[in-house]
Amino acid sequence: MLSKTFRVALVILAATALVMIARQGNAQQAYPTKSVQMVPAGSPGGGLDIHARAIEQALTVEKMLDKPFTVLHKGGGGGNLLTSYLVNQKGNGYVIGINSNRVLLNELMGTIEYGFMDVTPVVRLTTEYNCWAVRADSKYKTALDILADLKKDPTSVTFGVGTVPSNDQFNILLPSKQKGVDYGKVKIVAFDAGGDAMAKLLGGHVPVLSTGFSEAITQAEAGKVRILSVSAPSKLDRAPNVPCWKDLGIDVAIYHWRGIYGPPDMPKEAYDYWNKKFAAMVKTKTWKESLDKFELFDAFLTGDEFKKELAKDNETYRELLGAMGMLKKGKK
Amino acid sequence: MKHPTKLSETLLPVILLVVAALVFISAWRLPVTATADLVGPKMYPGALAVLLAVLSGLLLMGAAPPHGDNEGIKLAGIVRRFVPLVLFSTLYVLALPLLGFMIATAALLMACFYLLGERRHWLNFLIASGCTLATYLLFATLLGIQLSAFPWS
Amino acid sequence: MDTIPLIMNGFSQALTVPNILSALFGCFLGTVVGVLPGIGPSTTVALMIPISFAMNPATALIMMMGVYCGAMYGGAITSILINVPGEASSVMTAVDGYPLARQGRGGVAMVLCQVGSFIGGTLSIVGLMIVALPLAMFALEFGPAESFSVMFFALILAATLISESMLRGITALIMGLILASIGTDLQTGIGRLTMGVPELLDGIDNVVVIIGVFGVGEVLWYAVSTYGKAEATLERIGAGRWIPNREEWRSGWGPIFRGSLTGFLTGLLAAGSVLGSFLSYSFEKRLSKHPEQFGKGALEGMTACESANNASTGGALIPLLTLGIPHSGTTAVLLTVLTMYGLKPGPQLMIDQAPLMWTVIASLYIANVILIIMNLPAVGIFIRILDIPLKFLMPIILVFASVGAYSINTSLTDVVMVLLFGILGFFMRWSGFTPVALVLGMVLGERLEQSLRQALMISSDGALIFLTKPISLLFLLLTAAIVVVDLVTRKKGRVADDSEG
Numbered sequence: 000m001l002s003k004t005f006r007v008a009l010v011i012l013a014a015t016a017l018v019m020i021a022r023q024g025n026a027q028q029a030y031p032t033k034s035v036q037m038v039p040a041g042s043p044g045g046g047l048d049i050h051a052r053a054i055e056q057a058l059t060v061e062k063m064l065d066k067p068f069t070v071l072h073k074g075g076g077g078g079n080l081l082t083s084y085l086v087n088q089k090g091n092g093y094v095i096g097i098n099s100n101r102v103l104l105n106e107l108m109g110t111i112e113y114g115f116m117d118v119t120p121v122v123r124l125t126t127e128y129n130c131w132a133v134r135a136d137s138k139y140k141t142a143l144d145i146l147a148d149l150k151k152d153p154t155s156v157t158f159g160v161g162t163v164p165s166n167d168q169f170n171i172l173l174p175s176k177q178k179g180v181d182y183g184k185v186k187i188v189a190f191d192a193g194g195d196a197m198a199k200l201l202g203g204h205v206p207v208l209s210t211g212f213s214e215a216i217t218q219a220e221a222g223k224v225r226i227l228s229v230s231a232p233s234k235l236d237r238a239p240n241v242p243c244w245k246d247l248g249i250d251v252a253i254y255h256w257r258g259i260y261g262p263p264d265m266p267k268e269a270y271d272y273w274n275k276k277f278a279a280m281v282k283t284k285t286w287k288e289s290l291d292k293f294e295l296f297d298a299f300l301t302g303d304e305f306k307k308e309l310a311k312d313n314e315t316y317r318e319l320l321g322a323m324g325m326l327k328k329g330k331k
Numbered sequence: 000m001k002h003p004t005k006l007s008e009t010l011l012p013v014i015l016l017v018v019a020a021l022v023f024i025s026a027w028r029l030p031v032t033a034t035a036d037l038v039g040p041k042m043y044p045g046a047l048a049v050l051l052a053v054l055s056g057l058l059l060m061g062a063a064p065p066h067g068d069n070e071g072i073k074l075a076g077i078v079r080r081f082v083p084l085v086l087f088s089t090l091y092v093l094a095l096p097l098l099g100f101m102i103a104t105a106a107l108l109m110a111c112f113y114l115l116g117e118r119r120h121w122l123n124f125l126i127a128s129g130c131t132l133a134t135y136l137l138f139a140t141l142l143g144i145q146l147s148a149f150p151w152s
Numbered sequence: 000m001d002t003i004p005l006i007m008n009g010f011s012q013a014l015t016v017p018n019i020l021s022a023l024f025g026c027f028l029g030t031v032v033g034v035l036p037g038i039g040p041s042t043t044v045a046l047m048i049p050i051s052f053a054m055n056p057a058t059a060l061i062m063m064m065g066v067y068c069g070a071m072y073g074g075a076i077t078s079i080l081i082n083v084p085g086e087a088s089s090v091m092t093a094v095d096g097y098p099l100a101r102q103g104r105g106g107v108a109m110v111l112c113q114v115g116s117f118i119g120g121t122l123s124i125v126g127l128m129i130v131a132l133p134l135a136m137f138a139l140e141f142g143p144a145e146s147f148s149v150m151f152f153a154l155i156l157a158a159t160l161i162s163e164s165m166l167r168g169i170t171a172l173i174m175g176l177i178l179a180s181i182g183t184d185l186q187t188g189i190g191r192l193t194m195g196v197p198e199l200l201d202g203i204d205n206v207v208v209i210i211g212v213f214g215v216g217e218v219l220w221y222a223v224s225t226y227g228k229a230e231a232t233l234e235r236i237g238a239g240r241w242i243p244n245r246e247e248w249r250s251g252w253g254p255i256f257r258g259s260l261t262g263f264l265t266g267l268l269a270a271g272s273v274l275g276s277f278l279s280y281s282f283e284k285r286l287s288k289h290p291e292q293f294g295k296g297a298l299e300g301m302t303a304c305e306s307a308n309n310a311s312t313g314g315a316l317i318p319l320l321t322l323g324i325p326h327s328g329t330t331a332v333l334l335t336v337l338t339m340y341g342l343k344p345g346p347q348l349m350i351d352q353a354p355l356m357w358t359v360i361a362s363l364y365i366a367n368v369i370l371i372i373m374n375l376p377a378v379g380i381f382i383r384i385l386d387i388p389l390k391f392l393m394p395i396i397l398v399f400a401s402v403g404a405y406s407i408n409t410s411l412t413d414v415v416m417v418l419l420f421g422i423l424g425f426f427m428r429w430s431g432f433t434p435v436a437l438v439l440g441m442v443l444g445e446r447l448e449q450s451l452r453q454a455l456m457i458s459s460d461g462a463l464i465f466l467t468k469p470i471s472l473l474f475l476l477l478t479a480a481i482v483v484v485d486l487v488t489r490k491k492g493r494v495a496d497d498s499e500g
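Residue numbers (numbering that gives the first Met the number 0), protein chains in the order written: chain X, 0 to 331; chain V, 0 to 152; chain Y, 0 to 500.
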């Protein structure tokens with residue numbers, strides 16, 4: 000017969016083993032076990048913050064939220080603070096960030112050493128489209144008139160944009176390139192982001208604006224400006240008379256997308272979880288309502304597709320920025 | 000023109016000369032891009048740096064009349080008050096993420112009160128902890144700024 | 000369009016119990032935000048977005064208007080009491096307000112500021128209601144060339160005001176301009192003078208510089224200047240009286256009305272409340288019979304500046320409400336809020352959403368009334384801060400400055416920067432430089448550079464654009480006139496001095 004002490008020891012040992020097995024089992028089956036930090040690369044009230052709120056709202060209302068989010072704003076550094084933050088969180092499955100194509104642009108411009116390969120692209124969520132707008136009394140009736148003028152003399156038309164480098168700018172460069180314009184010479188003036196550029200167009204200080212569609216459409220509906228073209232792959236419902244680039248015989252479509260990124264070496268369970276979760280979320284009614292409200296369009300891509308798309312975008316940007324002389328040395 | 004000799008008259012212009020040189024070099028090394036304009040990203044800070052250098056040079060040569068606001072400042076005061084205050088504040092920034100807001104802030108306040116001449120530790124402690132708590136309530140509770148109160152929170 | 004029934008309807012909508020309560024809460028929160036250094040009205044309004052989801056649009060917007068107006072009122076208080084302006088627009092308030100407080104007239108200064116704020120705020124809403132549309136069209140005339148000339152005018156006006164030593168003033172101004180050029184260049188997207196610090200890519204926040212050179216600089220100055228003086232350990236400023244006497248009231252009216260007009264017009268231009276407060280201060284100094292007292296405790300400049308920064312609220316709302324174009328930080332966040340309620344802000348907003356918009360305008364009046372009723376008695380409480388011995392007050396200012404800086408981006412980098420600018424502020428003062436000139440260069444610098452370059456890029460005939468645009472030409476001529484007048488009077492003054500000596 001075993002001694003009493005030994006028996007007690009055995010029971011304790013067995014219990015400990017059981018608890019450990021149970022714990023491990025728990026950890027395996029139930030990601031997430033704690034709250035997940037969602038980090039928009041912008042300040043409260045900005046576009047990326049709106050995405051964070053819309054995601055939180057859609058998942059909550061549709062009862063799909065397993066663990067609550069904590070939201071941390073990393074607004075500074077033109078999006079770079081988020082990227083550095085994610086890189087520092089290597090292997091952590093409990094942090095996801097929201098950012099735009101600045102992840103690619105900033106690395107190409109050399110303001111940060113990390114690019115999209117140094118973080119984990121999780122999914123692409125939404126997009127906006129860019130457009131060309133002129134004042135209602137402008138002599139230009141179509142985008143092709145402007146491109147024809149540019150072909151004769153690339154400095155003949157000055158464009159206003161919100162910021163540089165940006166999709167506003169690429170929405171000028173790519174169509175120009177297709178039409179054989181010497182696009183490195185086109186005059187592009189950046190105004191403060193948001194309303195300032197529109198005010199300068201309305202005041203007649205620049206002849207053409209390349210800007211977000213949602214900003215221009217309210218002005219167009221009030222008869223103040225005319226939208227000449229939109230960067231979407233096909234015509235948009237809200238502006239059925241505005242041609243997209245393909246309608247004008249130019250093979251260009253520009254997505255001003257926002258997507259989710261994770262830290263490098265994000266655990267597979269977390270990556271799969273968010274891919275499934277977001278794929279389900281974008282089909283919900285609440286999410287679609289939010290998109291309508293903020294004039295966003297669905298542009299969902301799974302992580303693998305997103306990564307391929309990023310690699311393609313990165314090459315396009317590299318070429319365009321290279322032609323503008325904006326690439327960091329050694330990136331050509 | 001009389002050349003200024005006092006430290007208060009010469010220190011800042013000398014530093015500004017160095018700053019002007021650094022600004023000029025770092026502006027000069029900016030890449031030239033096709034989108035750059037006449038004034039460009041380089042010309043503007045470069046020109047300002049040159050202006051700053053010229054102005055600091057003029058100041059060093061005594062072009063501006065001496066001023067009279069610095070009688071109370073003695074070198075001993077700078078060593079005994081300025082240096083410790085800057086040191087405390089630096090330690091405070093380093094300690095904030097480690098010790099949390101409450102401990103770091105209360106410690107900073109107590110150290111400063113002592114430095115400025117209040118020797119009653121109990122009074123310093125009371126005022127420091129009261130102010131720390133009030134600041135926390137204002138910023139973290141009312142305005143929702145994310146501040147970790149203690150190392151364990 | 001018959002506006003009177005719309006206004007009446009707006010008031011009746013705004014004057015319901017939940018709406019008044021939310022206005023009260025907004026005004027209180029706004030005042031707190033204005034009093035505390037760092038976090039500003041635009042961030043606060045953005046932080047309120049989640050709360051506002053649960054409210055109807057009118058109630059939420061009324062609360063946000065309360066925050067917007069309240070922050071402008073509150074800004075004066077810390078400027079006067081402890082020399083820490085919470086926003087760039089109250090820097091000029093500190094320049095005279097803090098010396099006034101040290102003379103025992105801090106309460107008087109605060110009362111005049113509150114009254115000035117009330118009148119400025121109210122007049123600007125009247126302006127917003129009556130002349131919104133024509134003014135909005137006028138604001139569109141301001142292109143890059145016009146912006147540059149106005150900024151240049153403001154800088155020269157300020158530089159000629161620096162009385163002690165012109166050379167030191169201009170040096171400080173240039174330092175500010177260099178600071179403003181740090182960060183990502185808008186036209187090319189490349190990072191300038193960032194020294195590899197990623198946080199600097201967005202440039203240095205004006206508020207960080209202001210809290211540093213004024214607040215922390217003052218703490219360091221106090222600590223060093225009282226060293227070895229035994230009597231200093233008991234020193235306190237002392238509250239003093241806070242009801243202005245008849246003479247003080249009389250000196251206030253002119254600045255209040257002139258400041259309101261300047262603030263309203265500059266608020267309308269994208270320049271926001273900062274330009275207005277600097278300009279109105281400069282105007283008052285030029286009009287004054289005793290300009291030598293400015294900066295040492297004159298009521299006029301400070302009152303004008305506070306009236307101006309409140310009057311800018313109404314002006315800044317005009318482009319948003321009539322054209323759907325936001326300018327300043329807070330109006331941009333308000334645009335987001337309107338979008339969240341599905342209101343599609345645009346040029347049609349005042350027509351499609353007329354009842355709601357007039358409720359918002361009515362709520363601006365209500366906010367101003369609430370604020371003056373709430374803040375005047377509060378002066379009596381705030382003034383007690385001056386009874387705290389300085390050896391305790393100064394370290395507390397240091398903590399407020401640090402936490403305030405941290406609250407802007409929840410980043411410790413800003414705290415380090417505040418400390419560095421505090422050290423700079425101390426050495427500037429030691430060497431006889433005015434931190435005000437540095438701050439002025441800093442806050443106007445970015446627009447000065449960008450509008451200069453935008454204008455040159457747009458122009459088909461180079462720098463001539465500044466002379467061919469009438470508004471731009473007008474401001475350049477004004478600038479030239481001021482320089483000539485100053486040179487002449489200075490020469491005269493010097494001749495007079497020589498004959499005396």
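Worth flagging that the hints you see were computed from the coordinates, not collected in a lab.
A few of these clues could be false.
Under 8 Å between C-beta atoms, here's a sample of chain Y residues computed to sit facing chain X [stated by the list, open to error]:
| # | residue |
| --- | --- |
| 1 | A45 |
| 2 | L46 |
| 3 | T183 |
| 4 | I189 |
| 5 | G190 |
| 6 | M194 |
| 7 | P197 |
| 8 | P318 |
| 9 | T321 |
| 10 | K343 |
Every residue gets a Cβ at the ideal spot worked out from N, C-alpha and C, and that includes glycine.
Hints, verified against the model:
| no. | hint | in the structure |
| --- | --- | --- |
| 1 | A45 | holds (3 Å) |
| 2 | L46 | holds (6 Å) |
| 3 | T183 | holds (6 Å) |
| 4 | I189 | holds (7 Å) |
| 5 | G190 | holds (5 Å) |
| 6 | M194 | violated (13 Å) |
| 7 | P197 | holds (4 Å) |
| 8 | P318 | holds (7 Å) |
| 9 | T321 | violated (11 Å) |
| 10 | K343 | holds (6 Å) |
Figure legend: structure checked against the earlier numbered hints; hints not met, in rising order: 6, 9.
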